[in-house]
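Start from the sequences and build out the full structure, keeping to the hints where you can.
These protein sequence lines are chains C and L, in that order. For the first sequence, the positions run 213 to 405 when the numbering used here is used. For the second sequence, the positions run 283 to 596 when the numbering used here is used.
Simulated from the structure, these hints should not be mistaken for laboratory data. A portion of the hints provided could be inaccurate.
[Stated by the list, open to error] Taking CB as the label site, the calculated pair distances span:
1. V355(C) - R404(L): 41 to 47 Å
2. R364(L) - P223(C): 53 to 59 Å
3. E308(C) - K355(L): 43 to 49 Å
4. R364(L) - G248(C): 20 to 26 Å
5. E503(L) - I371(C): 45 to 51 Å
6. E312(L) - E308(C): 23 to 29 Å
7. D553(L) - G248(C): 17 to 23 Å
8. A221(C) - I332(L): 37 to 43 Å
9. A360(L) - L366(C): 32 to 38 Å
[Said to hold, decoys possible] Just some of the chain C residues that point at chain L, by a computed CB distance under 10 Å:
10. S230
11. E243
12. T245
13. I268
14. A271
15. L294
16. L295
17. F301
18. L306
19. E308
20. Q313
21. L316
[What the hints assert, rightly or not] Examples of chain L residues toward chain C, derived with CB under 8 Å:
22. V299
23. S302
24. Y309
25. F310
26. Q322
27. M326
28. N337
29. G352
30. L363
31. L367
32. L370
33. P452
34. Q456
35. L506
Glycine is no exception: its CB is placed at the ideal position from the N, C-alpha and C atoms.
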Amino acid sequence: MSPSSIQGALPMRIAALSIAVVVIQIGVLSEVTVFGVNIELAPLLAAFIGLLCGSIPGAAAGFAIGLLIDLALVQTMGITSLLLTLVGFWAGRLREIRDPQGALVPVIVGAAAAGVAFVGYALIEFLLGVDAPVSLQLLRDIVLGVVVDSIVALPFFLIVRRALQGSMPEDPRRRRRSRRAYSTGGLSPLSRS
Amino acid sequence: MYGKTVRRRRMVLALLVVLSIILLTAYFGESSSGGLHSVQRGFMTVVSPIQDGANAVLKPVRSAVGWFGGMLKAKDEANKLRSELAQLRKSVVAERSDRKTLEEGRQIAEVDSHTQLAGYRRVAAEVLVASASIWYETIDIDKGSSEGIAVNDPVINGEGLVGKVTAVAPEAAQVSLITDSAVKVSARVAGSRQAGILQPKVGNPSDLLLQYLSGKSKAAENDLVETSGTVESPYESIFPAGIPIGTVTSIESESSYAVNVRPAVELHGLDHVQVLTGGPASRSSLAAGLASLPSVGGSEGSAPETGVAQVEGG
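The following block contains the structure:
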């Protein structure tokens with residue numbers, strides 16, 4: 213497969229994955245509670261697309277996923293899009309600047325994404341003056357939501373990576389291998405000169 | 283090259299953020315008949331058959347996951363039910379002596395409620411989607427305006443009041459549950475004619491708070507709470523009288539006459555509901571008819587003493 217066709221396949225795969233996740237989110241997970249809260253896959257998906265594909269795909273996917281959720285659930289339009297855009301972009305920048313490789317990176321990124329999404333949603337709702345419960349109950353739901361999303365983050369990351377594999381701009385494993393090779397000096401352009 | 287990439291990245295981010303803020307501002311500023319709301323209703327119309335299909339396909343998965351979740355909660359539920367059973371036995375023994383009076387009251391209440399519901403047409407609907415957010419307590423159902431469903435129609439099931447319709451598309455509708463912070467219901471303790479306002483309790487939306495009761499209301503634990511309904515315009519209630527809402531769990535404050543209420547309906551995991559359509563118009567015509575009869579002597583006697591402004595809706 214040529215590099216251009218790989219790049220072309222990425223938006224299609226992201227779109228298909230986003231639609232599937234939103235359908236599962238509102239069709240199944242909205243009625244399943246763990247520790248009294250729902251599993252929220254949308255922030256995780258936006259963050260993982262950013263983490264695997266970069267900041268621009270992450271932000272664009274976050275915006276589209278948020279818009280889809282706001283439309284499907286007849287919520288205030290724009291809130292989820294705004295938050296997931298920022299989540300996707302931030303995860304993408306993390307990849308571009310730090311390129312973290314640890315096994316727990318998806319868990320930490322997932323927890324941070326869920327935290328940003330939940331707290332951000334609460335703040336925007338408060339700013340908009342929505343008459344909503346403000347209390348320890350809300351705090352508890354946010355904390356438990358982050359915990360539950362952290363638990364599902366790793367398996368979900370593997371699913372997202374599997375779904376996007378082959379069309380990502382740069383395969384993380386290939387990147388790691390090349391980095392290892394550079395560190396040993398075997399394939400470094402400097403060693404050839 | 284690097285500078286171009288950075289500029290492109292910043293431009294995309296700024297574009298998406300600005301687009302989101304424009305959407306948010308426009309949506310929040312417009313009325314429910316505005317363009318973006320129409321787009322949402324249109325989207326709901328388009329995706330409701332897909333949601334219907336997905337709902338049917340994913341139902342076994344949801345049931346399986348729900349079964350595991352249910353098993354985990356079963357022990358707690360059993361203990362809670364045992365203690366409730368013990369309480370109910372005690373109350374049955376205590377109230378046996380007043381059974382005759384209670385039966386008469388219940389019969390009157392039943393007749394009352396049937397009279398109130400007689401003007402409604404019931405539309406059975408299946409629940410398609412439950413809101414995943416802790417901010418919105420809503421469900422989507424598979425029947426809409428093509429079945430005569432309109433905004434503000436009351437929604438019930440076999441256990442009691444579920445909520446009211448807040449958005450309608452031809453083949454689907456959105457229902458805000460009674461635990462949604464935007465829904466307020468005119469309600470009373472069964473047997474009392476003093477109405478108050480029922481709304482989700484701040485800090486615990488799954489618990490309801492019936493407040494603004496007058497001092498004459500003598501509520502006790504396990505008392506039934508039902509819709510009070512009114513037929514007097516302009517304070518006409520959108521909910522007919524006599525629909526069970528829940529039971530009193532505790533007295534919140536003696537001084538402010540507020541009681542905590544546990545919903546009678548298990549609102550999470552609803553599968554089927556009934557929408558009461560066409561009611562308010564019928565009740566308006568009934569009230570107008572009664573008022574026009576000289577021998578009736580006015581309709582005030584048939585209306586409950588609400589003593590509060592009608593604030594149902596959101």
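Against the structure, the hints come out as follows:
1. V355(C) - R404(L): 41 to 47 Å: holds (42 Å)
2. R364(L) - P223(C): 53 to 59 Å: holds (56 Å)
3. E308(C) - K355(L): 43 to 49 Å: holds (44 Å)
4. R364(L) - G248(C): 20 to 26 Å: holds (22 Å)
5. E503(L) - I371(C): 45 to 51 Å: holds (49 Å)
6. E312(L) - E308(C): 23 to 29 Å: violated (38 Å)
7. D553(L) - G248(C): 17 to 23 Å: holds (21 Å)
8. A221(C) - I332(L): 37 to 43 Å: Violated: the Cβ-Cβ distance is about 24 Å, outside 37 to 43 Å.
9. A360(L) - L366(C): 32 to 38 Å: Distance hint for A360(L), L366(C) holds at roughly 34 Å.
10. S230: violated (14 Å)
11. E243: holds (5 Å)
12. T245: OK, holds: T245(C) within 10 Å of chain L, min 7 Å.
13. I268: holds (5 Å)
14. A271: With a closest approach of 5 Å, the A271(C) hint holds.
15. L294: holds (4 Å)
16. L295: holds (8 Å)
17. F301: Since chain L brings a Cβ to about 5 Å from F301(C), closer than 10 Å, the hint holds.
18. L306: violated (13 Å)
19. E308: Check passed: Cβ of E308(C) comes within 9 Å of chain L, closer than 10 Å.
20. Q313: violated (22 Å)
21. L316: violated (26 Å)
22. V299: Since chain C brings a Cβ to about 6 Å from V299(L), closer than 8 Å, the hint holds.
23. S302: holds (4 Å)
24. Y309: Where the cut-off is 8 Å and the nearest Cβ of chain C is about 4 Å from Y309(L), the hint holds.
25. F310: holds (6 Å)
26. Q322: At 5 Å from the nearest chain C Cβ, Q322(L) passes the 8 Å test, so the hint holds.
27. M326: Hint holds; M326(L) Cβ to chain C Cβ min 7 Å, cut 8 Å.
28. N337: holds (6 Å)
29. G352: violated (11 Å)
30. L363: violated (19 Å)
31. L367: violated (24 Å)
32. L370: With Cβ-Cβ at 26 Å, over 8 Å, it is violated.
33. P452: violated (15 Å)
34. Q456: holds (5 Å)
35. L506: violated (25 Å)
Checked against the numbered hints above, the structure breaks hints 6, 8, 10, 18, 20, 21, 29, 30, 31, 32, 33, 35 and satisfies the rest.
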